[in-house]
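**Q** Below are the chains, spelled out letter by letter.
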Amino acid sequence: MKQLDFTVRSNEQLNDQTHLLKVAPWGNEQLPEMYPGQFVQILVENAPHTFLRRPISINFIVPEKNEIWLLVEAVGEGTRKICELRSGERLNLLLPLGNSFTIPSLPGNYLLVGGGVGTAPLLFLAKKLHESGYTADFLLGGASEKNILQRSDFKKYGTLYYTTEDGSLGEKGYVTHHPLLQDKKYDFIFTCGPKPMMEAVARYASERAIGCEVSLENLMACGFGACLCCVEKTKRGHICACTEGPVLDINELTWLD
Amino acid sequence: MKQLDFTVRSNEQLNDQTHLLKVAPWGNEQLPEMYPGQFVQILVENAPHTFLRRPISINFIVPEKNEIWLLVEAVGEGTRKICELRSGERLNLLLPLGNSFTIPSLPGNYLLVGGGVGTAPLLFLAKKLHESGYTADFLLGGASEKNILQRSDFKKYGTLYYTTEDGSLGEKGYVTHHPLLQDKKYDFIFTCGPKPMMEAVARYASERAIGCEVSLENLMACGFGACLCCVEKTKRGHICACTEGPVLDINELTWLD
Amino acid sequence: MKLRNPVMTASGTFGYGTEYTDFMDLGRIGGIFVKGTTLEPRQGNDYPRMAETPSGMLNAVGLQNKGVDYFVEQIYPVIKDYNTHMIVNVSGSTVEDYVACSEKLVGLEKIPAIELNISCPNVKEGGMAFGTSCSSAAQVTRAVRDVFPGTLIVKLTPNVTDITEIARAVEAEGADSVSLVNTFLGMAIDAESRRPKLSTVTGGLSGPCIKPIALRMVWQVYHAVSIPVIGMGGICNWQDAIEFILAGATALQVGTCNFIDPSTSVKIVEGIEEYLLRHQIDSVTELIGALEIP
Amino acid sequence: MKLRNPVMTASGTFGYGTEYTDFMDLGRIGGIFVKGTTLEPRQGNDYPRMAETPSGMLNAVGLQNKGVDYFVEQIYPVIKDYNTHMIVNVSGSTVEDYVACSEKLVGLEKIPAIELNISCPNVKEGGMAFGTSCSSAAQVTRAVRDVFPGTLIVKLTPNVTDITEIARAVEAEGADSVSLVNTFLGMAIDAESRRPKLSTVTGGLSGPCIKPIALRMVWQVYHAVSIPVIGMGGICNWQDAIEFILAGATALQVGTCNFIDPSTSVKIVEGIEEYLLRHQIDSVTELIGALEIP
Ligand SMILES: Cc1cc2nc3c(=O)[nH]c(=O)nc-3n(C[C@H](O)[C@H](O)[C@H](O)COP(=O)(O)OP(=O)(O)OC[C@H]3O[C@@H](n4cnc5c(N)ncnc54)[C@H](O)[C@@H]3O)c2cc1C
Ligand SMILES: Cc1cc2nc3c(=O)[nH]c(=O)nc-3n(C[C@H](O)[C@H](O)[C@H](O)COP(=O)(O)OP(=O)(O)OC[C@H]3O[C@@H](n4cnc5c(N)ncnc54)[C@H](O)[C@@H]3O)c2cc1C
Ligand SMILES: Cc1cc2nc3c(=O)[nH]c(=O)nc-3n(C[C@H](O)[C@H](O)[C@H](O)COP(=O)(O)O)c2cc1C
Ligand SMILES: Cc1cc2nc3c(=O)[nH]c(=O)nc-3n(C[C@H](O)[C@H](O)[C@H](O)COP(=O)(O)O)c2cc1C
Ligand code: FES
Ligand code: FES
Numbered sequence: 001m002k003q004l005d006f007t008v009r010s011n012e013q014l015n016d017q018t019h020l021l022k023v024a025p026w027g028n029e030q031l032p033e034m035y036p037g038q039f040v041q042i043l044v045e046n047a048p049h050t051f052l053r054r055p056i057s058i059n060f061i062v063p064e065k066n067e068i069w070l071l072v073e074a075v076g077e078g079t080r081k082i083c084e085l086r087s088g089e090r091l092n093l094l095l096p097l098g099n100s101f102t103i104p105s106l107p108g109n110y111l112l113v114g115g116g117v118g119t120a121p122l123l124f125l126a127k128k129l130h131e132s133g134y135t136a137d138f139l140l141g142g143a144s145e146k147n148i149l150q151r152s153d154f155k156k157y158g159t160l161y162y163t164t165e166d167g168s169l170g171e172k173g174y175v176t177h178h179p180l181l182q183d184k185k186y187d188f189i190f191t192c193g194p195k196p197m198m199e200a201v202a203r204y205a206s207e208r209a210i211g212c213e214v215s216l217e218n219l220m221a222c223g224f225g226a227c228l229c230c231v232e233k234t235k236r237g238h239i240c241a242c243t244e245g246p247v248l249d250i251n252e253l254t255w256l257d
Numbered sequence: 001m002k003q004l005d006f007t008v009r010s011n012e013q014l015n016d017q018t019h020l021l022k023v024a025p026w027g028n029e030q031l032p033e034m035y036p037g038q039f040v041q042i043l044v045e046n047a048p049h050t051f052l053r054r055p056i057s058i059n060f061i062v063p064e065k066n067e068i069w070l071l072v073e074a075v076g077e078g079t080r081k082i083c084e085l086r087s088g089e090r091l092n093l094l095l096p097l098g099n100s101f102t103i104p105s106l107p108g109n110y111l112l113v114g115g116g117v118g119t120a121p122l123l124f125l126a127k128k129l130h131e132s133g134y135t136a137d138f139l140l141g142g143a144s145e146k147n148i149l150q151r152s153d154f155k156k157y158g159t160l161y162y163t164t165e166d167g168s169l170g171e172k173g174y175v176t177h178h179p180l181l182q183d184k185k186y187d188f189i190f191t192c193g194p195k196p197m198m199e200a201v202a203r204y205a206s207e208r209a210i211g212c213e214v215s216l217e218n219l220m221a222c223g224f225g226a227c228l229c230c231v232e233k234t235k236r237g238h239i240c241a242c243t244e245g246p247v248l249d250i251n252e253l254t255w256l257d
Numbered sequence: 001m002k003l004r005n006p007v008m009t010a011s012g013t014f015g016y017g018t019e020y021t022d023f024m025d026l027g028r029i030g031g032i033f034v035k036g037t038t039l040e041p042r043q044g045n046d047y048p049r050m051a052e053t054p055s056g057m058l059n060a061v062g063l064q065n066k067g068v069d070y071f072v073e074q075i076y077p078v079i080k081d082y083n084t085h086m087i088v089n090v091s092g093s094t095v096e097d098y099v100a101c102s103e104k105l106v107g108l109e110k111i112p113a114i115e116l117n118i119s120c121p122n123v124k125e126g127g128m129a130f131g132t133s134c135s136s137a138a139q140v141t142r143a144v145r146d147v148f149p150g151t152l153i154v155k156l157t158p159n160v161t162d163i164t165e166i167a168r169a170v171e172a173e174g175a176d177s178v179s180l181v182n183t184f185l186g187m188a189i190d191a192e193s194r195r196p197k198l199s200t201v202t203g204g205l206s207g208p209c210i211k212p213i214a215l216r217m218v219w220q221v222y223h224a225v226s227i228p229v230i231g232m233g234g235i236c237n238w239q240d241a242i243e244f245i246l247a248g249a250t251a252l253q254v255g256t257c258n259f260i261d262p263s264t265s266v267k268i269v270e271g272i273e274e275y276l277l278r279h280q281i282d283s284v285t286e287l288i289g290a291l292e293i294p
Numbered sequence: 001m002k003l004r005n006p007v008m009t010a011s012g013t014f015g016y017g018t019e020y021t022d023f024m025d026l027g028r029i030g031g032i033f034v035k036g037t038t039l040e041p042r043q044g045n046d047y048p049r050m051a052e053t054p055s056g057m058l059n060a061v062g063l064q065n066k067g068v069d070y071f072v073e074q075i076y077p078v079i080k081d082y083n084t085h086m087i088v089n090v091s092g093s094t095v096e097d098y099v100a101c102s103e104k105l106v107g108l109e110k111i112p113a114i115e116l117n118i119s120c121p122n123v124k125e126g127g128m129a130f131g132t133s134c135s136s137a138a139q140v141t142r143a144v145r146d147v148f149p150g151t152l153i154v155k156l157t158p159n160v161t162d163i164t165e166i167a168r169a170v171e172a173e174g175a176d177s178v179s180l181v182n183t184f185l186g187m188a189i190d191a192e193s194r195r196p197k198l199s200t201v202t203g204g205l206s207g208p209c210i211k212p213i214a215l216r217m218v219w220q221v222y223h224a225v226s227i228p229v230i231g232m233g234g235i236c237n238w239q240d241a242i243e244f245i246l247a248g249a250t251a252l253q254v255g256t257c258n259f260i261d262p263s264t265s266v267k268i269v270e271g272i273e274e275y276l277l278r279h280q281i282d283s284v285t286e287l288i289g290a291l292e293i294p
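Residue numbers (the numbering used here), protein chains in the order written: chain A, 1 to 257; chain B, 1 to 257; chain C, 1 to 294; chain D, 1 to 294.
Calculated directly from the structure, the hints in this document are not laboratory data. Be careful, since some hints might not be right.
What the hints assert, rightly or not - From the structure, some residues in chain C lie toward chain D, with a derived Cβ separation under 8 Å:
#1 185
#2 189
#3 194
#4 196
#5 208
#6 211
#7 213
#8 234
#9 288
#10 289
#11 291
As the list claims (entries may be wrong) - Pairs of lysine-lysine residues, derived as DSS-like cross-links and limited to a Cα-Cα distance of at most 25 Å, are as follows:
#12 195(B) - 185(B)
#13 80(C) - 233(B)
#14 235(B) - 66(C)
#15 80(C) - 2(B)
#16 235(A) - 66(D)
#17 110(D) - 2(A)
#18 233(A) - 66(D)
#19 22(A) - 2(A)
#20 156(B) - 22(B)
These figures come from a predicted structure and were not determined experimentally. We put the beta carbon where it would ideally sit given N, CA and C, even for glycine.
Isolated chain A, as found in the complex (with noise of 0.2 Å):
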C-alpha cells in the first residue's frame, strides 16, 4: 500500500454520469503490484460534503505507460467532483487495497458477469485471464446500451453477451436472464455490480454448485483495515470488506442463508 499523488492524463466521458479516468503517478514513481479486484481511495477534494476518501475500483492498468484506469459513475458529490476533474489535475490515492479476485490455476470455462459500473474490475481481471491463457465469455447489464461500457476493450479477452432493461442491446432483462445461463456450463463465475444483481447470480452459481467470487462494494471509511466499518457478516464471522476483500467467495457469504 502507498499513498501516492497521480496526475490525469486524461478524462473521458463514456455516458451521461461515467467517466474514464487515466491516471498515472506524478512524479512518475514505479506503480505498485496490483492485481485484478483491488481498488484505490481517492481524496476528494473541493467538496464540502465530502469528508471521507471514495473507494473505486482499479478498472485497468497499462504497464507500460505506468497508467492506472478508473471508471467512475457520479452518483454524489465526491464522485462527481472525480468526474470533473480535467488532464493535468493531481489527485491523491491510497494503493492498491483489498484482496483480487483468483486467478484460476487451470483452463476452463470462466464467465465473469458485471452489471453498470460494477464491470469495473472486470475489465483488469478480463485481462489477467487472457494473459492467463484462458478464454473467458463476459456477460454486461445495464439499464440501456449507453450503460455497457467499454465493450470493445472487453472484446479484445472473450466472447461478449449482453442484457439490457430496455433490450436496447443484447437480451432484454437482467443479466440472470440471459439464455446463456441456461445454455452453458461454467466452471467460475466473477461477479461485480449492484447488490441486487449480485445475489442473483450467487444464487444461480450456488444452485449449481459453480464456484462464484463477488466484489462487494461495503461502504468504507478508512480502506485500509483500521476502522472496522466496512465489516460483511460471513461465515466466519465479520470481516473486513477492504483488508478481506473486497472479494468474496459466494460460500463465505450469509446473502443465501
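Please arrange chains B, C and D with the ligands on chain A, whose structure you already have, making use of the hints.
**A** Leaving out everything else, chains B, C and D with the ligands in the frame of chain A:
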C-alpha cells in the same frame, strides 16, 4: 438587498495575491442602486473550510455594462477560491449591503487614504466624488509597488500620491508619514485599509479636527443585520458593522479613547 | 397554535424577520422565533463574537437586545402585521427576570407563543444554567407557566448528560412544547496569536456540524415526552428537515443556515412539498417520528 | 511514561499500528492507542456501521475485537517491537470485566499504560454509562487502579453536563491522566428510505465537526485537575494540535483524520517542530495551557 447569481465576465490577476473580477447578473437583471462603501457577500463554493459567505467591497460599478468590479486578495481558502473563478463561472451574491461613504455636499479638499487591498471601495468613491464635481487626492500605501493597485483607474479622478514600505514607489514608509499630510490642509478624509493604518489616519484627522470616515472590516457571519456578530463598540454602544457600517465617522469610534 | 407548515426560523438567526424581507416572502413559512429578549436592555459581549469552525460557527453574541419594553413598544407594532407566527424568545438571569419579561408579552395578540431560552451558553449569569438541571428547569417553567397563558415552548440545551430528563421535567410543569437544540458550548483558538477567537473564550456552536447530535436528541426526546417537539440544529435543506421530522419533530427551526442562504427556509418548505408529492404522502404529520427501524 | 513527542493516535482509528506501517514511520510519533480491547472476543455491531456527516462521521463499530487473551498471545508479540509506546484501550460492561482485562495486561513490558474506555457510546451493556456518572467512573477507576501498576489513563465521554466533575472523580481515585474526548452520541437518517443509516440507530460522532466542543472540554478539564490531560477530537493538522496544547493538553491523539490521510500524525509532528522553531520556543511543554486571555 438582493440575492442574485452573477457571471464572471473576466478575472484579471493584478499581483501575486490579488485579482480583479468583473461580474454581471447571470440573468442580465438590472443591478440595484449601489453606493461607494457598500459591499457584497459572496457564496464560496467548492471550499470545504469556508462555511460562511465572504464580504467583499464594491470596488467599482460600470452602469453602462451593468457590471460590478470586485478586488480580491487571496488570504485564505475563501478568497483564494474567489480568485480562482474563471470567466463564465457563476457566483451567488447578496448585495448591496451596508451603508456608504458620505458624499460631501460642498466642494473642498478631499483625501482618500487606502492601504493594500483596502483601496477597493475607494475607487468607486473616487468616481462618485468626481461625478459630483469634486477633486480629490488619493494617498495609496502598500508594502511594495506591486501592492498599489488600479493606479491608472484612480488617476482619472484625481491626483495620486504613494507610499511603499520598501520605497519602490512614492515615499518610503507608511501613509501617515507622507509629507502631503503636513503640506496640505484637507477638509475630509476617507480611509480604508489595515486597522493600524486606519487608526493612524483617524488619529491624524482627529488631532487636526478634520472630518474622517473609515471603512471597517469586522468579521461577519450574515452581512445583513441578522446575527449581531459584527459589532463595533461605538460611543452610542454596539452597532452592526454590516448595516450601520461598514463606514463610520471616527467621532463614533472608541479607537482613540 | 396552528402552523401553516412546520418550517420556522430560529431565535438569534433571523432578527425580527425584517432583515429577511428583501430575500424571501415571510408569508411562506410557519413562524419566526425572534431574537433573544430580556427584561432589561443588554449590550451583549465584546467583539469578536464569531468564529468559523468546520461546517459550523461559534457565536458569543450574549443576548444583545434592547429589552422587552422596547420590543413591545417599538418592534411589535412593526412585526405584528407579518403574515406568519411571531414567537418571542425570552431569556433571563433569574426566575424573576423570566417571569417579568414573559408577563409583558401577555396579551400581545400576534404573539401566540413564547420560547423560554434556558439554554444560552453565552451569558454568565444564567441562561444555560437553568437548562442543565431538572429542578431549575422545572422551576422557571412553572413560574412562567403561571403568568403566561399562551403557548409555552421551552428551549433545551444539548450540553447535558440526559436531555430527556430535562424535557420530562419541563413537560411536567406545563410546557406546551419543547424546542431543541440550542448551541453547544465550544471554543476556538488562534494558534499563531495563541489567543481565543472569541472575546468570551467560549461560545455556542451551531450549524451542520451539530446536526447528528441534535437529531439524536430530538429522537430521544420524542420518545420521552408527549408534547410536540420542535427540532433544530444544522438544518440547511429539505433532506435535513425530513430527517428531523422522521426523528420526531413536529416542527423545525432553521438557524445558522439562514446566514448562508437567506431563503433557506422557503426552499425547505418547497422541498418538503415535493417530497410529499413524490412519496404520495398526504400530510407531513404522517412523517412525524416515522423512522423505520428494521 | 515519557513521550518522544506529544502526538499519538486514537484507539479504534489506528488498528494495532500495523495497518499504517506502509504509509508512515511509526517511530516518528509519541505512541499508539490500540483498538478497544475487551475480556471476551466481540463480533461488534451489524453493518452498516458508518455514516458520513458534515465534517465528520458516525461509527457504530461496537468494540469488535478478539479479546484480551488473543491480544496478549497473538498481537503483543508482533507490536512489542514497534519503536513507539503501545497503549491498550480497555473496555468492558462490568467493573469485573475492566479489572480482569486490565490484569491480563500487567507485566507486558512494552505496554507502559492502559486507557480505560468508560465512554464508548456503541455498546449497550456499559461503556459510556460508566463515564456519565461520577460514582461509577470513580468505582471502575479505583478497581483497575488496584490491579494495574502502570500508567492509568481514563478516557472520558463528552456526553455529560459537566466533564470536569468526572475528571476530578477519576483523578481522586488514582488515574494518572485523563484523555478526552471520546465520540458524541449522534444519529443519521436517510430521508428517502426513512431508515437510520446505522444498524444501531445511534453511533459515535468524531472528526473536525466536534473540535470546538472537544477543545472547550480540554480547556475546562485542564483547569480542573492536576494530572496531565490528553486531548483529542477532530485533530487534523498542526494548527489543531497547537490549539489543543494551548488549551491545556500535554499530549494529543489523532483519530478520524488518520483515515483521510494516514500520515496525518507524522505531518503534525513536523508541523509542531516548525511552529516551535518559527516562534523560538524551546519545548512544546511551554505551550501547555498557555492560552493568552486578553
Ligand atoms: C471497493 C469498492 C469499489 C468501488 N468501485 C467503484 C468504481 O470502480 N466505480 C464507481 O463509480 N464506484 C465504485 N464504488 C462505489 C463508490 O465508492 C461510491 O459510489 C462513492 O463512494 C459514492 O460517493 P459520492 O460522494 O459520489 O456519493 P454520496 O453522496 O456519498 O452517496 C450517493 C449515494 O450513493 C450511495 N453510496 C455511497 N457509497 C456507496 C457505496 N460504497 N456502495 C453503495 N452505495 C454507496 C449513498 O448511500 C447515496 O445513496 C466502489 C465502492 C467500493 C467499496
Ligand atoms: C465589509 C468588508 C469588506 C471587505 N472588502 C474586501 C475587499 O474588497 N477585498 C478583499 O480582498 N477583502 C475584503 N474584505 C476582507 C475579506 O472579507 C476577508 O479577507 C475574507 O473574508 C477572508 O476569507 P478567507 O476565507 O480567504 O480567509 P480565512 O481563511 O477565513 O482567514 C484568513 C485570515 O484572514 C483573517 N480574516 C478573515 N476575515 C477577515 C476580515 N473580515 N477582516 C480581517 N481579517 C480577516 C483571518 O483571521 C485569518 O487570519 C472585506 C471585509 C469586510 C468585512
Ligand atoms: C448568532 C446566533 C445567535 C443566537 N441567538 C440565540 C438567542 O438569542 N436565543 C436562543 O434561544 N438561541 C439563539 N441561538 C441559537 C439558535 O436559535 C439555534 O438554537 C442554534 O443555532 C442551533 O440551530 P442551527 O444549527 O440551525 O443554527 C443563536 C444562534 C446563533 C448562531
Ligand atoms: C471508527 C472508530 C472506532 C473507535 N473505536 C474506539 C475504541 O475502540 N475505543 C475508544 O476508546 N475510542 C474509540 N473511538 C474514539 C476515538 O478514539 C476518538 O476518541 C474519537 O474518534 C475522537 O477523536 P477524532 O475526532 O480525532 O476521531 C473510535 C472512533 C472511531 C471513528
Ligand atoms: S474501511 Fe476501514 S476497515 Fe475497512
Ligand atoms: S454580520 Fe450579521 S449582523 Fe452584521
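**Q** Taking the hints in turn, state whether each one holds.
**A** Each hint, compared with the structure:
no., hint, in the structure
1, 185, "6 Å, holds"
2, 189, "4 Å, holds"
3, 194, "5 Å, holds"
4, 196, "6 Å, holds"
5, 208, "4 Å, holds"
6, 211, "6 Å, holds"
7, 213, "5 Å, holds"
8, 234, "7 Å, holds"
9, 288, "12 Å, violated"
10, 289, "11 Å, violated"
11, 291, "6 Å, holds"
12, 195(B) - 185(B), "23 Å, holds"
13, 80(C) - 233(B), "31 Å, violated"
14, 235(B) - 66(C), "16 Å, holds"
15, 80(C) - 2(B), "24 Å, holds"
16, 235(A) - 66(D), "16 Å, holds"
17, 110(D) - 2(A), "28 Å, violated"
18, 233(A) - 66(D), "15 Å, holds"
19, 22(A) - 2(A), "18 Å, holds"
20, 156(B) - 22(B), "19 Å, holds"
Violation of the numbered hints given earlier is confined to hints 9, 10, 13 and 17; the remaining hints are satisfied by the structure.
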